[in-house]
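Asker: Based on the hints, put chain D in the right spot on chain X.
Protein sequence lines, in the order shown, are assigned to chains X and D. Note that the working numbering numbers the first sequence so that position 783 is 783, with each residue one more than the last. Note that the working numbering numbers the second sequence so that position 88 is 88, with each residue one more than the last.
Careful, some of the hints might be misleading.
Unchecked claim - Derived coverage of chain X by chain D (criterion: at least 3 residues anywhere in the stretch with Cβ under 8 angstroms from a Cβ of chain D; other residues may be distant):
1. 183-195
2. 202-216
3. 515-528
4. 552-559
5. 612-623
6. 629-638
Hints are computed from structural coordinates only; laboratory data are not their basis. Don't be surprised by glycine CBs; every beta carbon is placed ideally from N, CA and C.
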Amino acid sequence: MLVPISWLRDFVDIDVPVELLAERLTVAGLEVAHLKYIGLPQQSVPGVRMPTSDHLVWDREKLLLARIAEVKAHPNADRLVLAMVDYGGEELEQCVTGASNLFGYKDKGALDPPIWSAFAREGAEVWDGQSDKPKRMTLKGRELRGIYNKSMVCSEKELGISDEHEGVIVMEHEGRYVAGTPLADVLGDVLLDIEFTPNLARCFSMIGVAREVAAILDAEMKYPSYDFVAEGAPIEGQVNIDIREPALNPRFTLTLLRDTAVKESPFWLRHRLKLIGQRPRNNVVDVTNYLTFELGQPMHAFDYDKLVERAGGLPTIITRLPQPGEQLETLDDALRDLGAETILVADTAGALSLGGVIGGGETEISAATRNVLLEAAAWNNISIRKTIREQRVHTEASARFSRGVHPSQAILGCQRGIELMRQLGGGVIASGVLDVYPQAPETVTVALPIERVSRLLGMDVRVEQAAAVLRRLEFDVAVDGDIIRATAPDHRLDISADPVVGQHDLLEEIARIIGYDEIPESIMADEMPPQRENIAVLLEERIRDALVGQGLNEVINYRFTSRESEALLVPTGLASSLPQADYVEIANPAASERNVLRHTLMINMLETAVNNARFQKTQQVFELGKVYLGTGDLLPEEPLHLGILLTGLRSQPWWGGGTADEMDFFDLKGVLESLLHALHIDDFSLERGRHSSLHPGCSADLLLAGERIGSIGELHPEVAARFKLTEAKLLCGEIEVEPLITHHRRLHTIEALPSTPAVLEDIALVVNANTPASEVEAVIRQAGGRLLKDVLLFDVYTGDQIPPGKKSLAYALTYQDESKTLTDKNAARIRKKIIGAARHRLKAELRSQ
Amino acid sequence: MTDSIEQIRREALDALREVTGGGALTGWRSQYLGRRGAVNKLFGAIGGLPPEERAAFGQRVNALQGELSRAFEERETLIQSQLMARDLEEGEIDISLPAYPRRQGGLHPSTRTHREFQRIWADMGFQVYQSRDVEEDEFNFSLLNLPPHHPARDMQDTFYTTDPRVLLRTHTSPGQIRAMRELGAGGSRPIRVILPGMCYRQEQVTARSEIQFTQVEGLAIGRNIRMSDLKGTIAEFAKRMYSPGAKVRYRASYFPFTEPSMEVDVECFLCDGEGCRVCKYTGWLEIAGSGMVHPDVLRNGGYDPSQWSGFAFGMGPERITMLKHGIQDIRYFWANDLRFLRQF
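Okay, chain D solo, but in the shape it has when bound:
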C-alpha cells in the first residue's frame, strides 16, 4: 500500500505538470482530490489495514493530500497568471484608430463672451436689465441728449421703420432711460445694471462692419457716484476680463449722453503692449466708451442731477471675441457656418 501512495504521488505530480488549461486542472483535481478521487480511495482503504499500520498509513495519506492540494494551488495560480497574460496580449488594440465621434454642442461665440461679461459684472453688483430692440427715436436719441439734427446723430447710421418715430436701436443706451424709469422709483433709488443686447446700424456689410451687432452697456446711479469710481470699476473689469496686470489708459472723448466722457483702452494683450498689427502698433486696444451720466439724461430718467450722479459705459463683445480668437471677419458671427461655430 505504501508503494501505491508513492505511485499515486508521482503520477499525480507528473500529470499536474502536464496541465495547462482551466478544464484540465479541474479534471486533475477531481481525479486525485475529488470525492471519488485517488486520495479519498486511499483514505477508504485504511479500514482494510491491520490496526497497527492504520495510524502510519493515515498520516502518509494526509501528507499526500496536503502536498497535492498545495501543488494544485500553485499550479492554479500559475495557470491563471498565464491566462491573464495571454488575455492581455490578445486584448491589445490599435490605439491610433479614430475615436468614436461623440457629438459636441457649443454656444455661439458671442454668447460665450456675453456670459463672461455678465459673470464679471454680476460679481461687481451689476445685474442684467433687458431692454427692447425696436425703439422710439425719442429714447434712442432725444432723451439721450441727441435732439433732431444733433451732429452726433451722424455718428450712427440708423435703420428707421416706416413710422418715423420708431427705429431699430443703434446702441443699448436707450435702455438706460428705461432702466432708470423702471428701477429708479421716480429718481429715488440707486441702480447698477448692465444692458446687453443686439443693436443695428445701416452700414455696408464688410469684414469690419455689420448691420447688427451686440453691445453691453453698464449704468450705475447713486447719490455719490464719482468719476474715480468709473475708472476703478472699469479697471477692475479689465483685470478680470484680460489679465490681473492689465494696464488701462483713459482718453477724453465725446458721447452726447455722458459728460465728462472717456474712452478706455487696455494694453494690447496680444503683444503685451509692444505693438502689433492688431493694435495698429499703438500697444492699446479700445475696449469701452464711458463717462459720467449727462445731467439731462439723469433728468430724463427721473433723477435730480444736482443730487444724483452716475456713470455709464458701453462695450462691443464681438470685437473682443474677434481679438481673443483671431477672427478676421465680423461676418462670421451671423453667417453661422458650422465649421466656424464648432471651433468654440
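Just chain X, same shape as in the assembly:
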C-alpha cells in the first residue's frame, strides 16, 4: 500500500526524516519496500541506506504555488491562452499556455474565486511534458506565437506527480493558500510503499499505519472527527436491516444522505486518491474509497431511490446466502454464478452485491443520484477468502475484509463517510445510524507476568516499561504487582484469548516496539541435548566424496517426471524392472511432463545427459536423491537412491598421446567397486544383469549380502535410441542407498605390512570361452590358499594361438608367507595345486609359453 507522508501527518506528528521513519517501520515489521519522492529532496540519514532516487526536486525559489487571477485569449492563437498569474511577485506574470482545462475560464475577467496552480519561473527545472521518455528541461524565455513567455503553469507530468498532461494543475480556492509559497510545501510528498504481512490486517490503512508510527515514535495519535451533522428525519423507518447469517456478517450499519449532488470531487480528494493509485470517479464513490484507505473500513454507497423503487416502498437490506442458481451482475460488468457460501447483500427484490467484495451494477451511484444510502459492515474473513477464490475477484474491499477488519470500525466509517459526503455534495443527513450488531467479538484481556517477558526475551524489562509500550499501542493496561493485564484495543483481532498464545502476542508487541536491536545476543545456557552423529548423513557425504574423487560431477535433478517419460525406459515387450509402486500424482502440476514424482533417478539423468550431449562428448555424473514409491498408505516411501551415468572417452584427447578409448561396462563397474571399497563393503557380488532398461549382455545386478540392491550396465540399445544417445556407449546404474548404510563397516582392521619377500609368477590358463573370469579367479584363490596373496588378471586372449571356443586368461600371482621367506620349492608346490585345481574343476589347460 502506498502511504503518502502528507496523509499520515493528518493523524500523527512526525518529527524524524521520512527515511528514518521508513527504517524504523521496517524493523518494527512494516516493511517499507521503497520510497517515492514527489518534489522533496531525498535526505541522508546516518545508518540508513537507500537507493538514490532520480526524481525531480522542486526548486523552492522557482516552483511556487500561484493564484491564477484571470485567463485571457491569446491574440494570435486559438489553442493558446494567457494565464495571468500571481506568484507573490510585484505584478502578475503572463504565462502563455495550451492547457485545455484553462480554456473554460477564458475571457471571464478576474476570477472570483480564483483558482490555484503550480507555477514555474524562468530557470526552473521540470520534466518535459511533451517527451515520451522521462526528460528534464530548464525553462527559458522564448516567443510563443508572437508573445514572449518565460514561465509556465505546470501539469502533473511536468512536476513528476503523475503522467497527466491533459491540462495544468487546477486547485480550488482555499483560504489557507498564499501565493508564492514554495510548491514543495504544498504538494511535496514522499510515498512509503509498505508491504503488510497477514498479521498486520489492522495496519492496512492510513490510520492503521499512523497508529504504528505513533507507537514507534511515542507520539500522540490525532483521530479524525466522527461527528456528523444530522438534520434529517431519523433513519429508522427509512430502511431496515435483516442479518440472516450473523457468523458471516457480524455487523451491518447504514446512514442516509438526502438531496445531495453527485459531481467531481475537489482537488485535494482527487489528488490523494491518485497518489495512492486510485482513479477518482465522483464525490460519493470517492469518499467510500477514501475511507477504505483512511480508516481501513471498506464502504459501499447505494442509490437509495433505486432501492425504494425495487422494494416498492420501504427498502430492507438483507444479508444472506444465495439461493440455488442465483446470479448477480457486479460493477465490473461480470454476471456471476453465486456459490452456496457467498454471503450477499440483497433486498427483497434480489441480490445487490457480494458482501465485502464488490457491489452490483443496478443500484450504483450515478450522476442522477440524489439520495445516498451508505453501508459499512463487518464480514467474516474466511468467508470472504472463499468468495475471492471462487469468484476470482480482488478489490480493495476484499483485500481488507479477507485479512480481517474489526466490526468496531463499521460505525466510524458510516459516521465519517456520510459527513464527508455532505460537505462535498451538500444535502441533509438522516439522524442516527442504523446499526445491527448481532455478534461482537469477545474482548480479550491477557495476563502477562513481567518475569515471563524478561525470561523469554532474555533481557530485563520493567513492568512499567512494558505497560507503557502496550499503552502506546492503545491497549488498556492495568498493572497488578508484577503482572500486566492488557485489554486489546477494539481495532485488533490478532490478540489471542488463549493465555499462553496471548502472552506471546503481547511479547511480540513489546519486543518490536522496544526494538529487536535492544535485545542482547546471548549463548544458549539451556541443557544441551545428546550429541550424536547422523550416520545416514555421514555415509551420504562419504558416497559423494568417493564419487567426486573418481572424477564424477554431482547433479541434482527435478524430482518430477511423468508416467510417459518413465515408460520410455522400458523396451517394447519387456516387463519393467522399475519399482512396481503407485505414483505420487500432482493435482496442480507445473507442466504435464512433470505431473508425478519419480520412481527412478534414471529418467531425469538421461534427460540431463541429452541436454549435456550438445556440448560434452564425455559425461561422468552421479545423483544422490530420493524416489517416491506409493504404497497404498497416505504417504509414500521415500528411499534414497544413487544414480551413476558415464559416457564418452575414458581419457581426454591429449597432444602427448594416449588412447582415446570409449568408456564401457568396466568403467562403471570400476566406479562401483571403488565406491564399495571406500565404504569398506566387501560382502557384495555382481550377477548377470536383469534390469529391463539395460543391455542384457552388458549389465550386472549388485547383490549385497545376497540381496539385490541395484543394477549397472550399458543402456539398452532401444532405450538409447529413444533418447538419441547412440553416439557412444551410455553406462548407467541405480542403487539403493539404505543397504549401503546398513552394511558399511564403520571399523575395519588393516593387514600388517609383510617383512618377508614375495614370490611373483605368471600363469596363463586356457578355459572355455563362456567360463566367467570370476569363477577362474575363485578357483585359483581357493587352491592357492593362505600363501596366495594377490591374483591379477592382466590379459584375456582369444584367437589363432588357442583352440576355438577357448580363451586364455593370464594372471600375475603373488605368493607370500609372513612368517618366513618362501623358497622356489614352496612356490612350485602352490603353483602345482593351482594348476591341478584348474584342470580338475575348470577343465583348464596351462597355456604353453
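Answerer: Only chain D this time, still in chain X's reference frame:
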C-alpha cells in the same frame, strides 16, 4: 726403464685429455690402470731389474699409478658433469604446452553450501534431522498454526497431490513437528536440530524462482530458550558463514509458526554495506526468517508451552550460493549443465 715410465706417463696423460665419453674413459682406465694395463706391466718388470734399482723404480711406478689414478678421477668428474649439463640442456621441454587433462569431479553447488551450513551448525550443537518431502497438509500447515483458509497460506503456492490431504512440503517446517514428536520424548527432552531438504512451490519458473528449492530449518527447544539466544545463535552463524565482523540486523516479521518472529539481515558482503545492485542499494541481505516457536506449535509437538520454549529459523541455501558466486539465474541449479557444474 726410467724413460719408459716417463713415456707412459706422458702418453697416458695426453690420451686422457682426448677422452670425452664414458666408454673411452673406461677403455683408458683398463689400458693404463687395468690388470693388464701399462702400469701393472711396469710393476711386473720390477723383478727383472737389478736389486739395487728395484726400490727406486718401484717408488716411481707407485707415483705414476697415483698420478694417473688422480688424473682419471678428475677427468671422470669433469666428463660426468659435462654429460649432466648436456642431459639437462637436452631435457628442456616447452612448459607452455597444455597439461594432461586430469578429470576433476565436483559436488553440486547446493551440496557445497549445505555442507558448510551443516558443519557450522554441528559445531554449535545442531544435528541433522531428515524429514520427508511428501507431507500431510496437517503437518505442513495446520500443526504449524496455519489452519485451512489462513491468510498466510496464500504466501505459499502449494503442489497438492491427487489426495487433498497430501502435498509436497512448501517448507522444511513440518519437520519441526516430526522432530519434536520423535526426539522430544513426549515433550520432556531438549532438542537442537537442523532440517535440510528439498521444498516445492507451484510457481512460474524464472531466473528468480523455481518449483523446487532447498531450505535449512533450525530448531532449538529447551526449558529456558530465550529470544536473545536466537539472536546470539544467528549472529554467531553469520560470523562463521560470512565474516568474523559480519553485522546483523533484526526486523520484526510474521510467520504463523513463530512468535515473536523476525527476519535477519546481514550486511551485504559484496559491497560491505555500502549499497550495490545485489543488495538493492540497502546494504542488507536477507539471510533468515526466524522466531520463537509459537505456543501452539510447541503443543502440537508435545511440549507444554508454559514450561518449554524454543526458537526456529529457516534459510535458503540457493540464494546464498547465488550471492556468493554471482549466479544470476536460479534455473542453473537443477539444469545440471556440466559447463556450470564444473566451475565448482
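Asker: Are the hints correct? Go through all of them and say.
Answerer: Structure-based check of each hint:
1. Counting residues of the segment 183-195 of chain X whose beta carbon lies closer than 8 angstroms to any beta carbon of chain D gives 0, which falls short of the minimum of three for the stated coverage.
2. Look at the segment 202-216 of chain X against chain D: 0 of its residues bring a Cβ nearer than 8 angstroms to a Cβ of that chain, fewer than three, so the hint is violated.
3. Look at the segment 515-528 of chain X against chain D: 12 of its residues bring a Cβ nearer than 8 angstroms to a Cβ of that chain, three or more, so the hint holds.
4. Closer than 8 angstroms: that is the beta-carbon criterion, and the segment 552-559 of chain X has 8 residues meeting it against chain D, so the requirement of 3 holds.
5. With 6 residues carrying a beta carbon less than 8 angstroms from a beta carbon of chain D, the segment 612-623 of chain X meets the three-residue requirement, and the given coverage holds.
6. Here the segment 629-638 of chain X counts 4 residues with a CB under 8 angstroms from a CB of chain D, which clears the bar of 3, and the coverage holds.
Of the numbered hints given earlier, the model fails hints 1, 2; all others are met.
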